[in-house]
Amino acid sequence: MSEDTFMGVPRSKIPWCPTIDYEKCDYCMECDEFCPHGVFERREGEEKRLVVAHPENCVVFCKACGKTCDPDALAFPDKKETTELIKRLREDGKDGG
Amino acid sequence: MAKMVDNRPRENPADIVVLPCSGLDKEAGSASRELALLLSEKGAYVVCPVLYQRSPKRYEKKLAGVRLVIIDGCKTGCASKLAAERGLKIAKKTTVTEAAKTRGVKAGKKPRLGDALRNLLPALAEEILTIEPPKAPVAVGKPGAFGGPITCREFNVDKFVFRVPESGYFFNENDCWARVEGTRARVGVSDYVQQSASDMIFFEPPEIGTEVSIFDEVGSLETTKTALDIISPVSGKVVAVNREVVEAPELINQDPYERGWTAEIELTDFEGDRELLMDSPAYFDYLKQKAEREHKELYGG
Amino acid sequence: MEMEVRPTRVGVISCSGEAEPEGTIARNAVRLVMEKYKPGLVVSLCLPLYLAGVGGERDFAKKAPVIAVDGCEKSCARLATEKYSGEVESWLDVRDLLKQWGVTDKLSRSHPGKLEGELTDRVAKEIVKLVDRLVEEGKVEVESR
Amino acid sequence: MDNKKVYIIPCSGIGKATASVGRDATYKVIEDKRPETSDTLCLSLLTMGDEETVEKVQGGKVITIEGCAKDCARKNVEASGGSPDISHRVHDYLKEHRDLKPESVLDIGSEGRKLVKIIADDIAEEIDELTHESGSCDRGGGCD
Chain A
1 MSEDTFMGVP RSKIPWCPTI DYEKCDYCME CDEFCPHGVF ERREGEEKRL VVAHPENCVV
61 FCKACGKTCD PDALAFPDKK ETTELIKRLR EDGKDGG
Chain B
98 MAKMVDNRPR ENPADIVVLP CSGLDKEAGS ASRELALLLS EKGAYVVCPV LYQRSPKRYE
158 KKLAGVRLVI IDGCKTGCAS KLAAERGLKI AKKTTVTEAA KTRGVKAGKK PRLGDALRNL
218 LPALAEEILT IEPPKAPVAV GKPGAFGGPI TCREFNVDKF VFRVPESGYF FNENDCWARV
278 EGTRARVGVS DYVQQSASDM IFFEPPEIGT EVSIFDEVGS LETTKTALDI ISPVSGKVVA
338 VNREVVEAPE LINQDPYERG WTAEIELTDF EGDRELLMDS PAYFDYLKQK AEREHKELYG
398 G
Chain C
399 MEMEVRPTRV GVISCSGEAE PEGTIARNAV RLVMEKYKPG LVVSLCLPLY LAGVGGERDF
459 AKKAPVIAVD GCEKSCARLA TEKYSGEVES WLDVRDLLKQ WGVTDKLSRS HPGKLEGELT
519 DRVAKEIVKL VDRLVEEGKV EVESR
Chain D
544 MDNKKVYIIP CSGIGKATAS VGRDATYKVI EDKRPETSDT LCLSLLTMGD EETVEKVQGG
604 KVITIEGCAK DCARKNVEAS GGSPDISHRV HDYLKEHRDL KPESVLDIGS EGRKLVKIIA
664 DDIAEEIDEL THESGSCDRG GGCD
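Protein chains in written order, with the working numbering: chain A, 1 to 97; chain B, 98 to 398; chain C, 399 to 543; chain D, 544 to 687.
By construction, these hints were calculated from the structure, which means they are not laboratory data.
For every residue, glycine included, the Cβ atom is placed at its ideal position computed from N, Cα and C.
Be careful, since some hints might not be right.
[To be verified] Simulated restraints, written as ranges between beta carbons of each label pair:
(1) Cys145/B x Asp26/A: 24 to 34 Å
(2) Cys145/B x Pro437/C: 44 to 54 Å
(3) Met29/A x Lys547/D: 45 to 55 Å
My request is simple: use the sequences and hints to build the entire structure.
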């Protein structure tokens with residue numbers, strides 16, 4: 001199966017996904033209910049009842065779930081850095097043929 | 098404490114009306130109330146959000162033709178939403194949790210206002226009072242400058258028909274487009290976005306004057322199904338927003354590529370941006386694959 | 399040589415039927431098949447859109463096999479399909495089915511309760527049988543994941 | 544006489560929860576709020592040219608409720624020679640009540656039901672006005 005790409009770069013090389021701050025998360029699950037891409041997964045009976053199980057499903061540059069988070073427990077990578085990284089990886093891709 | 102001399106132009110506080118959040122469930126709510134009171138002491142007029150919700154007529158006259166400052170406690174944005182529901186034009190918006198965060202202070206969960214946050218409020222009030230005075234409306238280029246008729250190519254996925262302009266548009270992989278004329282671009286969302294997100298009910302435009310980099314948010318949309326950010330395909334300064342779409346967001350559903358544009362941007366580095374964008378034919382191919390794949394996922398096929 | 403491309407979806411179209419309880423059952427049964435029993439295989443067609451000629455519903459129904467599900471003998475869904483897209487593969491009349499099943503209770507169009515729910519499920523399973531038959535007959539190709 | 548009734552015709556789509564809201568609002572009006580002065584018709588029957596249904600629409604007052612901006616109910620009524628006196632769009636109501644998003648097509652949920660009530664209240668009032676207008680015309684007054 002061909003690997004998913006974003007702007008020509010393998011998606012797995014782009015570290016874009018939300019990070020949950022468990023100090024703040026109150027497990028309201030709004031983000032999970034909101035996200036149509038199945039990024040989060042609930043874990044009944046575990047200490048961390050919500051995890052970022054499928055970071056590769058997260059749409060690069062999308063922060064929409066963050067807006068549903070009242071306790072502000074979701075953080076995202078820096079957009080500029082991510083853009084720079086993508087640019088670099090694209091260049092590398094070209095060089096490597 | 099030493100006071101800084103501030104020579105920035107000041108708005109006459111009497112022209113400022115403040116609509117704050119009055120949240121009582123966490124510290125940011127108390128801070129926004131306190132901030133509103135500070136502004137009131139400096140001459141601004143404060144609208145009570147609870148009373149305004151209950152009887153908007155009371156404030157009708159007070160709100161006409163003034164500069165409206167919104168203070169949201171947190172990102173839930175109740176005060177912003179209230180303003181939007183009543184069709185109020187916002188001159189400036191401050192979100193306490195965000196403003197505090199950029200100053201290294203974390204708003205707490207308990208509603209009582211703590212010293213760290215309280216100490217920030219005078220600076221925030223000063224910042225609000227130095228908003229630039231209203232400018233003349235921004236010229237939106239020559240009429241018809243973006244108005245040339247376009248033709249679209251289309252493809253089907255089952256009963257869905259998706260359209261992509263034949264040429265002249267640039268897209269990012271977040272399905273947002275830019276149509277460039279000279280040094281400006283209009284931006285918007287693609288037909289695919291409007292169909293998969295469903296009927297638009299709300300468009301929150303970016304503030305005019307905002308500097309955006311490629312992939313920054315440049316406004317947001319709410320539909321009957323979901324909410325989404327418009328991810329800018331270009332870098333530059335927002336010089337106009339589509340007021341027609343603010344009034345009638347369904348224009349995005351009806352005509353996503355022309356009348357449904359959302360913002361106009363004075364470009365700063367289009368040559369650089371362009372390297373990261375697809376032209377119309379490339380986006381057509383990209384979208385075709387994506388629509389077929391996502392459709393299968395959505396319907397579990 | 400050109401290969402014949404077989405359709406990969408079945409279109410199911412229900413009458414709008416808002417004035418009759420059988421219409422409500424027809425609509426909800428189609429929705430149930432699409433959401434629960436045959437997700438991915440069945441595409442529900444929106445009759446009002448189809449009739450208004452908006453969107454790709456008519457073209458889709460020309461290419462894919464269509465099952466019409468009507469609330470009563472007036473068979474609006476079947477007739478509409480025949481008018482704009484061609485013959486339907488199969489057709490169900492909910493009122494007739496209920497008669498066959500001996501259902502004589504008064505049903506609600508607006509507040510479907512337990513009985514209406516059960517009947518909706520039964521009608522959905524009838525639609526599923528028709529879908530399965532289309533697959534068996536090779537009129538629709540089931541894609542492997 | 545039946546022609547004194549106001550016919551409420553929802554778009555009746557099955558693809559969107561907003562269409563379900565429109566249909567439920569219709570039922571709320573014709574069954575609970577104004578059973579004497581209002582009724583609904585099958586949009587499909589109307590569009591397929593069923594004589595009895597077409598007559599009702601051409602002779603009576605009509606309110607349409609749209610589930611989306613494609614306005615199928617109004618378009619289909621107009622195609623059948625009718626002309627809606629009033630057209631509503633569910634999403635216009637959602638603009639005013641953004642917290643009342645319906646959940647799904649088969650179950651609009653408690654928020655959706657609140658929205659139904661708001662729409663039904665409006666329509667009930669409109670029906671009173673529409674039936675009052677025609678009533679006063681019959682009496683030959685107030686309708687110039």
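Verify the CB-CB distance for Cys145/B and Asp26/A against the hinted window 24 to 34 Å. Once the Cβ atoms are compared, 29 Å apart, the range 24 to 34 Å for Asp26/A and Cys145/B holds.
Just to be sure I understand the hint, the distance between the Cβ atoms of Cys145/B and Pro437/C should be within 44 to 54 Å; is that true here? 50 Å, holds
Could you say whether the range 45 to 55 Å given as a hint is met by the Cβ separation of Met29/A and Lys547/D? The hint (45 to 55 Å, Cβ to Cβ) holds, given that Met29/A and Lys547/D are roughly 52 Å apart.
Hint check: no violations occur; every hint is consistent with the structure.
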